[in-house]
Amino acid sequence: MLYVVIAFLYIALLFYLLFGGADFGAGIIELFTSDAKKEKSRLLTYRAIGPIWEANHMWLIISIVILFVGFPAIYSSLSIYLHIPLSLMLLGIIARGTAFIFRHYDPVKGKLQKVYNLIYVYSSFVTPFFLGNIAGTVISGRINPAAKSFPEAYLFPWLGYFPIAVGLFTICICGFLAAVYLIGEADDYVDRILFRNKAIWLNILTVLTGGLIFLSAYVEEMELLNELLSNNVSLTALVLASISLPILWYAIRNFHYKMARVLAGFQVSMILFALFYRLFPAFVIMNGAVLTLEETAAPLSTLNALGIALLAGSIFILPALYYLIYSFQKKRFDQDTDIVNMVGGEERRK
Amino acid sequence: MDDFIAARSQMALSLGFHIIFACIGMIMPFFMAISHYLYLKKRNDHYRKLTVAWSKGVAIFFVTGAVSGTMLSFELGLLWPEFMLHAGPIFGMPFSLEGTAFFLEAIAIGFFLYGWGKFHPWFHWYTGVMVGVTGLASGILVVAANGWMNAPTGFDYVDGEFLNIDPMAAMFNDAWFTQALHMTLAAFVATGFAVAGIHAFLLMRGKNKPLHRSALKIALSLGAVAAILQPISGDISAKDVAQRQPAKLAAMEAHYHTESNAPLIIGGIPDEKNKIVNYAIKIPGGLSFLAHGDFNAEVIGLDQFPEDEQPPVLITHLAFQIMVGCGMILMLTGILWLFGQWRKKPFVEAKWFLTLLAFLTPLGFIAVEAGWVVTEVGRQPWIIYGIMKTREGLTPMPGIVYSFWLYTFIYLSLCGIVSLLLIRQIQDLDKKETPLPTYPR
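So the sequences go chain by chain: L and A.
FYI, our numbering numbers position 299 of the first sequence as 463, with every residue one higher than the one before it.
FYI, our numbering numbers position 171 of the second sequence as 353, with every residue one higher than the one before it.
Same shape as in the complex, but just chain L (with noise of 0.2 Å):
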């Protein structure tokens, strides 16, 4: 069972990952986006993340679930040591889950307007900063559990290069996932050339600061790239991943939008995958000591009742999730009732 719930952390981690990077990632890409486009463009991200998104930040809460009950000393560990950015990420999802909710359910859409969307784009940086610089904080061995001052106990460990890096990095990741998702969503040829032309950028920026990564485990003499390297299996998901980017290049060129989503995810998914492949068992890098999954777990009869809860209520969820998804896919187009429904307010301004 312990393997059970192991692999439904990662699935977990690596969904969060993917479905609410993308949420972040649609704000992110708000902020480049033109103040003549901008109203149109947040129409179009709402309709087509309104009815999904809470949905998936359920996977951060199943990821600190699974950590606090099966895991409970990386858990309180990481609560300890990283609670700067921790508290800091959370402020980023409270900021923004409340912004985007309310900029639509405000009818007066007067000056607040203005603070909400400006709330709801910066908060979007924070959260998937925060959740890369605190992975990359947890694998990059800066948690000194012997220090003595508070800086080195608290600040030192994720302000670092390389925590840094592994934030941008994290950003951009969203910030692509989200352009790659919303070409398929765009009614017109015009939005759709917006948000292809927005993934090619990001996803130019995110091998960028994938180099920065590399670049700065280098200055702080981590052997990041010879370990991932080293390792035929990680190497291999590596690999693939670069291999798929051509292809990937070649479908967002060509508006193959299914695809494009595809491969981005397949792309992530092999990152984070090399990654986990990489440091299993460990979970958490301290300097000094090695926090594993094994070692850490919960006694077996709490693996157990957590693998069980967790088996039987995919058994709900998942289907449950399937069909929300696949009928606001297929169903989107309903205009009257989305505009009614969604922008009440903002039809009668006009």
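Calculated from the structure, these hints are not laboratory results.
Predicted, not measured: the structure shown is a model, and the values here were computed from it.
Watch out, some of these pointers could steer you wrong.
Unchecked claim - In silico DSSO-like pairs for lysine-lysine, Cα to Cα no more than 30 Å straight-line:
(1) A:K571 - L:K278
(2) A:K464 - A:K421
(3) A:K457 - A:K571
(4) L:K275 - A:K527
(5) L:K202 - A:K613
(6) L:K422 - L:K201
(7) L:K312 - L:K201
(8) A:K464 - L:K273
(9) A:K223 - A:K421
(10) A:K613 - L:K204
(11) L:K275 - A:K613
(12) A:K224 - A:K613
(13) A:K389 - L:K273
(14) A:K571 - L:K312
(15) L:K273 - A:K391
Let chain L serve as the given structure and place chain A on it in line with the hints.
Structure of chain A alone, referenced to chain L:
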């Protein structure tokens, strides 16, 4: 403020904030589903308008409840990592089930809010009902985790180690049923009276009368029935607490000295130094009867516990008085209203009665907050009753005071914005005919 007090205050603030949104998020969907049902059956347009208006409220409260709940799942670790290290594997079962319920709720709300005209009307209705059912299930499950902190079971505590963990036994702890029953009813009472109060106020303003009349009826029927059942649940809870956590009961009642034929102390201000209660009404034997069903039964007082294992009396006692007081007022109002409905008395729409309802809007939530203060402060100094002290669970990271101020700022801002949004939504409701989502003919 030291880190310990800051951490406790932050937790109290977070839970106190979350519980309001959780209650409304759990109960409003049922009101919405009833109104939706009436619309589908009678095709009266004001039911549709009401359903849409309430669904907007649900959307706002759900998202705020969801983010504050997410915050809590992190704060448990950020503030109490030592507690979670030990408690996580034991009381995690309800949380893992709650994860499923919450996920389903998020899916259901996606279907409901965006599903107007896209699905068969009854499927659409069903998803609305599911929002309520899964929300309620989440709430009941989370209470199981709190119940475990009050009645820890499902493990052996040997030399500071938690052995032979049985997560199912921990979930079905002794406190779960009484707490969950009391909380669920409280959520119906608080939300019912709050919603009814707002619509009573709007009814007095005279616009959209059929809509507000229906809204008031739906909300208050459920709220009033729950308010009448609540004292029974309260009695079960009191007897249970007397058995399991005599120190908590003693603090609730400011019962300092163990005695038989113990008086019930109503109101009053406990003097913690001299261990007496000033200005209180005392009913001889009342406490003995309420706690054990016998006027002469002995009730354990705080004197049976060492000084460092006694909960704060002043706060617990006052909170308990506030909770019971509010509950009584709501119960009486509920009875009055049900009577009025039954005998078709005109007073149910008289100005004085509507004004009364409008003034009672926050009362249920005050009772909910006070009740949680009783449960949580009354458990102190323990985080796991009798096993682990709250202070032992605290994070070693210094500077929690800053975190407290940050979270206070966040919660105050959210409160402000949500209130503003609600006011605007309500104003919008009566302003003009707004385009409504509908079903294709």
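Check each numbered hint against the structure and report the violated ones by number, ascending.
-> The structure conflicts with hints 1, 4, 7, 8, 9, although it agrees with all the remaining ones.
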